[in-house]
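Participant: Starting from the known structure of chain B, fit chain U onto it as the hints suggest.
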Amino acid sequence: MQSSARRTGVMTDVHRRFLQLLMTHGVLEEQDIQRLQKHCYMVHDRNATVEKLEDFINNINSVLESLYIEVKKGVTEDNGRPIYALVNLATTPVSKMASDFAENELDLFRKALELIVDSESGFASSTNILNLVDQLKGKKMKKKEAEQVLQKFVQNKWLIEKEGEFTLHSRAILEMEQYIRETYPDSVKMCNICHSLLIQGQSCETCGIRMHLPCMAKYFQSSPEPHCPHCNDYWPHEIPEVFNQEKEKEREEAGFSKSSKKSLRSRQQ
Amino acid sequence: MPRGHKSKLRAREKKRQAQNETKALEDAQATAANHPSQNLPTMGTEDSPLSFQGAAAAAFTDAHGDGEGNPSSPQASKSLSKDPLTKKVVLLVRFLMEKYQTREPVTKADMVNSVVKSYKNHFPKILKRASALLELAFGVDLKEVDPIRHCYAFINKLDFSVDERILHEDSMPQTGFLMMVLSVIFLKDNCASEEEVWEMLNMMGIYADKTHCIYGHPKKALTQDFVQLKYLEYRQVANSDPPRYEFLWGPRAHAEVTKMKALEFLATISDTTPSDLSPWYEEALREEEERLQARLAAKGSKQGKSRRKPCPK
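Quick mapping for you: the protein sequence lines, in order, are chains B and U.
Straight run, no breaks: the first sequence in the working numbering ends on number 269.
Straight run, no breaks: the second sequence in the working numbering ends on number 1313.
To be clear, the hints were calculated from the coordinates, so they are not data collected in a lab.
Any given hint might turn out to be false.
Under the rule of at most 30 Å between Cα atoms (straight-line distance), these lysine-lysine pairs were calculated in the DSS-like manner [said to hold, decoys possible]:
| # | chain 1 | residue 1 | chain 2 | residue 2 |
| --- | --- | --- | --- | --- |
| 1 | B | Lys137 | U | Lys1108 |
| 2 | U | Lys1099 | B | Lys140 |
| 3 | U | Lys1219 | B | Lys142 |
| 4 | B | Lys144 | U | Lys1220 |
| 5 | B | Lys111 | B | Lys52 |
| 6 | U | Lys1157 | U | Lys1188 |
| 7 | B | Lys157 | U | Lys1230 |
| 8 | U | Lys1230 | U | Lys1219 |
| 9 | U | Lys1108 | B | Lys144 |
| 10 | B | Lys157 | B | Lys189 |
For each label pair, taking beta carbons as the anchor points, the in silico distance ranges come out as [to be verified]:
| # | chain 1 | residue 1 | chain 2 | residue 2 | range |
| --- | --- | --- | --- | --- | --- |
| 11 | U | Thr1258 | B | Ser203 | 54 to 60 Å |
| 12 | U | Lys1117 | B | Gln155 | 44 to 50 Å |
| 13 | B | Lys162 | U | Asn1113 | 37 to 43 Å |
| 14 | B | Thr12 | U | Lys1220 | 31 to 37 Å |
| 15 | B | Gln155 | U | Asn1202 | 49 to 55 Å |
| 16 | B | Gln31 | U | Lys1220 | 45 to 51 Å |
One side only, chain U facing chain B, incomplete, derived with CB under 10 Å [what the hints assert, rightly or not]:
| # | residue |
| --- | --- |
| 17 | Val1090 |
| 18 | Glu1098 |
| 19 | Tyr1100 |
| 20 | Thr1102 |
| 21 | Leu1136 |
| 22 | Phe1138 |
| 23 | Lys1219 |
| 24 | Arg1235 |
| 25 | Gln1236 |
| 26 | Leu1248 |
| 27 | Arg1252 |
| 28 | His1254 |
| 29 | Ser1278 |
C-beta atoms are modelled at their ideal positions from N, C-alpha and C, and glycine is treated no differently.
Bound conformation, chain B alone:
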């Protein structure tokens, strides 16, 4: 609601604890965010009614507005899971990445980022990234060291690794979308449906437009015969399932681990 977002919110220890914990984790999925919110209420204000998540976050954001940061909601590109992260809103010389990494490490990330954005699949191979090690600014880095730095990026949720290839973590996309669109205007890809940055997705073989997998899942949900929204040609790829929080819960309780679920979804591609 527009009006409640404009009113400056009140920060209580419930909100502060929530913010500190979110900062610690970097990025959290919606289920964990809900649990986190309830936990913060339990610690500070057991008897209070837990505010609706959207309002709770709007409240926090109205206070954070003056600091040009916000709790932002996004969606993972591969399977449409809603995620939340604390992101910067305006350019500043200080950001999460800058303080955690050295100059040559940041440059390695920049090289990997460029390869990822340029790539067709949204993935850059480890080999291709490591071959650029000689071009890095700052202290000289060996390939073995670079491998470890890449793992550090994965640990800190800036990159995701799949079978020796790297793509952007949804946290990085949330935080860096604007920067990517401005820095690589020629190679950046956009989703035809949501019009935001696309790193991983599918494309139409006839006209070349692209879509995120979750966007496509929603768009084609009730179409028995999917057609490209742009050129109307028959859509050749398999349509994934729409992400359903309830179904996920059922699967988890039935004993699937998170990793086997992921491979279920990737098989659908």
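Facilitator: Same frame as chain B, now just chain U:
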């Protein structure tokens, strides 16, 4: 922590900033309008149009200031704030937030060189406002612990226990597991090889390649989750080929878990008392003393200076 230096990319960024200012704003507004489900709050009010120049452009630009009377982007600094002091306050809060994440103490010199710069004379005012904002938004206090070297430390007004940080899928506490690992590291002179850690864990029925009914995926927890949360440091043993790895306490473990606590944990599971565990008991005692000294020093400086005023809001 090392910070970035001026780069070619920053020059490209500046040029683009000057040329595409309006376009970026239009784009951003269009983006926000197009997927309302993804952007929960409204981004900024009418009076302060935000310059959506991309958050992590910051990661690739130098840490030494943006918009210090910067002629190529006068609109950028205006859009961040009409008052240059306010801008410095905002930057300082962000800087302090990053330092807080790793629990590093911070000096006045750090803050002046990285953020405040030419507004050095306004440092006390800027710091006061930044501290107030830090307290309001995050519940974190900044205290001067060394008035001679102007060194400041963070004090979390909210009380956290180790459990909280770890959101395990089944909501099972990982504390015991983490404490075990921290204790082993402590016993091995504050640095334990990966082999030594697994040897100990295997004795308790926890294996790297098996899912544990309580602790989930122990290898992932040790080498990724705990590391990301800064409880553990996981690094390659120098010059090891094939690579071998070792564990150390991470900065958050140092801040939240004392050596005495680790010793008490060990004593409980091995049915002894901490005082039986020499020489580690002596080491833990020394650490207690050091922490006590630091706390007393902080208290002393508080009495000497009256920096703290009620929050302006």
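Participant: Each hint needs a verdict: does it hold in this structure or not?
Facilitator: Okay, the hints, checked on the actual structure:
1. Lys137(B) to Lys1108(U): 29 Å, holds
2. Lys1099(U) to Lys140(B): Within the cut-off at roughly 26 Å; holds.
3. Lys1219(U) to Lys142(B): This hinted pair holds, its Cα atoms lying about 26 Å apart.
4. Lys144(B) to Lys1220(U): Holds, at roughly 21 Å.
5. Lys111(B) to Lys52(B): Given pair Lys111(B), Lys52(B) is violated - Cα atoms ~41 Å apart, limit 30 Å.
6. Lys1157(U) to Lys1188(U): 33 Å, violated
7. Lys157(B) to Lys1230(U): 13 Å, holds
8. Lys1230(U) to Lys1219(U): 16 Å, holds
9. Lys1108(U) to Lys144(B): Judged against 30 Å, a Cα distance of about 37 Å means the pair is violated.
10. Lys157(B) to Lys189(B): 22 Å, holds
11. Thr1258(U) to Ser203(B): 54 to 60 Å: Holds, at about 56 Å.
12. Lys1117(U) to Gln155(B): 44 to 50 Å: Violated - the Cβ-Cβ distance for Lys1117(U) and Gln155(B), about 33 Å, lies outside 44 to 50 Å.
13. Lys162(B) to Asn1113(U): 37 to 43 Å: Holds - the Cβ-Cβ distance for Lys162(B) and Asn1113(U), about 41 Å, lies within 37 to 43 Å.
14. Thr12(B) to Lys1220(U): 31 to 37 Å: 34 Å, holds
15. Gln155(B) to Asn1202(U): 49 to 55 Å: Taking Cβ atoms as reference, Gln155(B) and Asn1202(U) lie about 24 Å apart, which means the hint is violated.
16. Gln31(B) to Lys1220(U): 45 to 51 Å: 18 Å, violated
17. Val1090: With Cβ-Cβ at 6 Å, under 10 Å, it holds.
18. Glu1098: 4 Å, holds
19. Tyr1100: Since the shortest Cβ distance to chain B is 8 Å, the answer is holds.
20. Thr1102: Check passed: Cβ of Thr1102(U) comes within 8 Å of chain B, closer than 10 Å.
21. Leu1136: 6 Å, holds
22. Phe1138: 6 Å, holds
23. Lys1219: At 13 Å from the nearest chain B Cβ, Lys1219(U) fails the 10 Å test, so the hint is violated.
24. Arg1235: Hint on Arg1235(U): holds, closest Cβ of chain B at ~8 Å, below 10 Å.
25. Gln1236: Holds - the Cβ of Gln1236(U) comes within 10 Å of chain B, reaching about 6 Å at its closest.
26. Leu1248: 15 Å, violated
27. Arg1252: 8 Å, holds
28. His1254: This interface hint is violated because 16 Å lies over the 10 Å limit.
29. Ser1278: Cβ of Ser1278(U) sits 36 Å from chain B, so the hint is violated.
Checked against the numbered hints listed earlier, the structure breaks hints 5, 6, 9, 12, 15, 16, 23, 26, 28 and 29; every other hint is satisfied.
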